[in-house]
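Peer 1: Single-letter residue listing:
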Amino acid sequence: MAQIHLEVVTPNGAVVSEEVDIVTAPGVGGEFGVLANHAPFLSTIKTGTLSFRKDRVAKFLMVTGGFTEVSNNKVTFLVESAEYGQDIDVERALRAKERAEKRLAQAQQATEKISRARAEASLQRALARIHTVELSRR
Amino acid sequence: MPGLKDVKEKIKGVKKTAQITKAMNMVASAKLRGAQEKMERFRPYAVKFAEAMRDLSGGMESNDLPLMEVREVKKVEIVVVTSDRGLCGSFNANIIKTAERLRKQYEAEGKTVSFVTVGKKGTQAFKKSGKLRTQFNDIMGTFQMFNAREISQNITAAFLDGESDQVDIVYGRFYSVAVQRPEREELLPIKPMTAEGENAPVHSAMSGSYTYEPDPGEIMEVLLPLFLNVQIYHAMLEVGASEHAARMTAMDNATNACKDMITQLTRLYNKARQAAVTSELMDIVGGAEALRG
Chain A
0 MAQIHLEVVT PNGAVVSEEV DIVTAPGVGG EFGVLANHAP FLSTIKTGTL SFRKDRVAKF
60 LMVTGGFTEV SNNKVTFLVE SAEYGQDIDV ERALRAKERA EKRLAQAQQA TEKISRARAE
120 ASLQRALARI HTVELSRR
Chain B
0 MPGLKDVKEK IKGVKKTAQI TKAMNMVASA KLRGAQEKME RFRPYAVKFA EAMRDLSGGM
60 ESNDLPLMEV REVKKVEIVV VTSDRGLCGS FNANIIKTAE RLRKQYEAEG KTVSFVTVGK
120 KGTQAFKKSG KLRTQFNDIM GTFQMFNARE ISQNITAAFL DGESDQVDIV YGRFYSVAVQ
180 RPEREELLPI KPMTAEGENA PVHSAMSGSY TYEPDPGEIM EVLLPLFLNV QIYHAMLEVG
240 ASEHAARMTA MDNATNACKD MITQLTRLYN KARQAAVTSE LMDIVGGAEA LRG
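Line by line, the protein sequences give chains A and B.
Number 94 in numbering that gives the first Met the number 0 belongs to position 95 of the first sequence; there are no gaps in the numbering.
Number 178 in numbering that gives the first Met the number 0 belongs to position 179 of the second sequence; there are no gaps in the numbering.
Please keep in mind that the hints were generated in silico from the structure rather than gathered at the bench.
Each hint should be verified, as a subset may be incorrect.
Pulled from the structure, derived: some chain B residues nowhere near chain A, Cβ distances all over 10 Å [what the hints assert, rightly or not]:
| # | residue |
| --- | --- |
| 1 | P43 |
| 2 | E108 |
| 3 | K130 |
Pair by pair, the computed Cβ-Cβ distance ranges are [claimed, not checked]:
| # | chain 1 | residue 1 | chain 2 | residue 2 | range |
| --- | --- | --- | --- | --- | --- |
| 4 | A | N11 | B | P224 | 15 to 21 Å |
| 5 | B | A256 | A | E97 | 55 to 61 Å |
| 6 | B | E217 | A | Q2 | 26 to 32 Å |
| 7 | A | G12 | B | R70 | 35 to 41 Å |
| 8 | B | G85 | A | N11 | 39 to 45 Å |
| 9 | A | Q105 | B | E217 | 50 to 56 Å |
| 10 | B | K270 | A | N11 | 54 to 60 Å |
| 11 | A | L103 | B | A29 | 41 to 47 Å |
| 12 | B | R70 | A | M0 | 31 to 37 Å |
| 13 | B | A29 | A | Y83 | 27 to 33 Å |
| 14 | A | V89 | B | R180 | 54 to 60 Å |
| 15 | A | N11 | B | D5 | 51 to 57 Å |
| 16 | A | A1 | B | G85 | 55 to 61 Å |
Keep in mind the model is a prediction, meaning the values are calculated, not measured.
Yeah, the Cβ is synthetic: ideal placement off N, Cα and C, and Gly gets one too.
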């Protein structure tokens, strides 16, 4: 099967750089898949789970916001952070989720726009982490 | 002439200082290596990001997006990035001086200036001015992207609320181990990137064939805040590396100064010892002479 080169780049360096069969990513307009020889394409990424498959082995990454570029049979993700499912601390993610929910409830009353946005963002991250762990354990 | 014992104590003290400065020099050089590695890891991300920004912002009007909105500038915010710790020569002083000069210049133009400081040294310098809006301390040691995000969210909020019409950043750029210079850049409003130099045509030719999802405008809306994070993170990285390089130089100078001082003091000590021996000899000879007499 034809493969496509996947690169996941974060400010702390490249997390993934290998040939893969298929990439599935959480685009802003919904999840999308990229196969080999995909047409040039640019999209923003929201916080969620990025998965790719190589030789029938699927791997899952939690990614935060950023964007992706597909060109010349190469797909590049530029995200602020990316973690493999097996590296995620589930306990911590669960705690973060609770904390974010609590903050969100408080912020709703105060109608503070910024802190609400922040709490939402950290809730998103926590949920994405938990989801990623669940997928990679399966 | 100082007493023998005093000089001996002094030599001991200076030797200890030299030991400390030498250790600090070595710690700084190890940390500098770490900071430079961090910069290296960041480079691919930054380069790719700038490329995408260039591709996208080609057809953009500058007032399309709130973060690119050019207003009449009445209020300027200056983000000053310094280190948390001192003992690194004139590194922080130079950054602060540059920021201060910038403030005077803006105020002469009739604009009001506020400060946001990153790093304790800058905070200490601008606390008294009464113009300090926010401060971020104790993060320069082990900062991550989320620190930069927090800062950029803060200044973005101020910009969008009209509390500032322009945001500048002043930081110490790392040119080499020997040279670090204060630098000023404009953060907000974000200017549409004009493709630089020769590689321009390649990019604009390429961008035509892309499929965008959602449309370029909406992508930009997501990318601009991220771009701000990139710029702030970059400034912090530069300051991190510069700080350690500056400290290395400063500590090297201090160690050398200590060595010079030890040489001088040892000379003084020997002289004093010689004088003591001579006067003692004189005493003995004088006593012997008297006995014989």
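Peer 1: Decide, hint by hint, whether the structure agrees.
Peer 2: Tested hints:
no.: 1; hint: P43; verdict: 5 Å, violated
no.: 2; hint: E108; verdict: 31 Å, holds
no.: 3; hint: K130; verdict: 22 Å, holds
no.: 4; hint: A:N11 to B:P224: 15 to 21 Å; verdict: 19 Å, holds
no.: 5; hint: B:A256 to A:E97: 55 to 61 Å; verdict: 56 Å, holds
no.: 6; hint: B:E217 to A:Q2: 26 to 32 Å; verdict: 31 Å, holds
no.: 7; hint: A:G12 to B:R70: 35 to 41 Å; verdict: 38 Å, holds
no.: 8; hint: B:G85 to A:N11: 39 to 45 Å; verdict: 28 Å, violated
no.: 9; hint: A:Q105 to B:E217: 50 to 56 Å; verdict: 31 Å, violated
no.: 10; hint: B:K270 to A:N11: 54 to 60 Å; verdict: 59 Å, holds
no.: 11; hint: A:L103 to B:A29: 41 to 47 Å; verdict: 43 Å, holds
no.: 12; hint: B:R70 to A:M0: 31 to 37 Å; verdict: 54 Å, violated
no.: 13; hint: B:A29 to A:Y83: 27 to 33 Å; verdict: 29 Å, holds
no.: 14; hint: A:V89 to B:R180: 54 to 60 Å; verdict: 46 Å, violated
no.: 15; hint: A:N11 to B:D5: 51 to 57 Å; verdict: 54 Å, holds
no.: 16; hint: A:A1 to B:G85: 55 to 61 Å; verdict: 58 Å, holds
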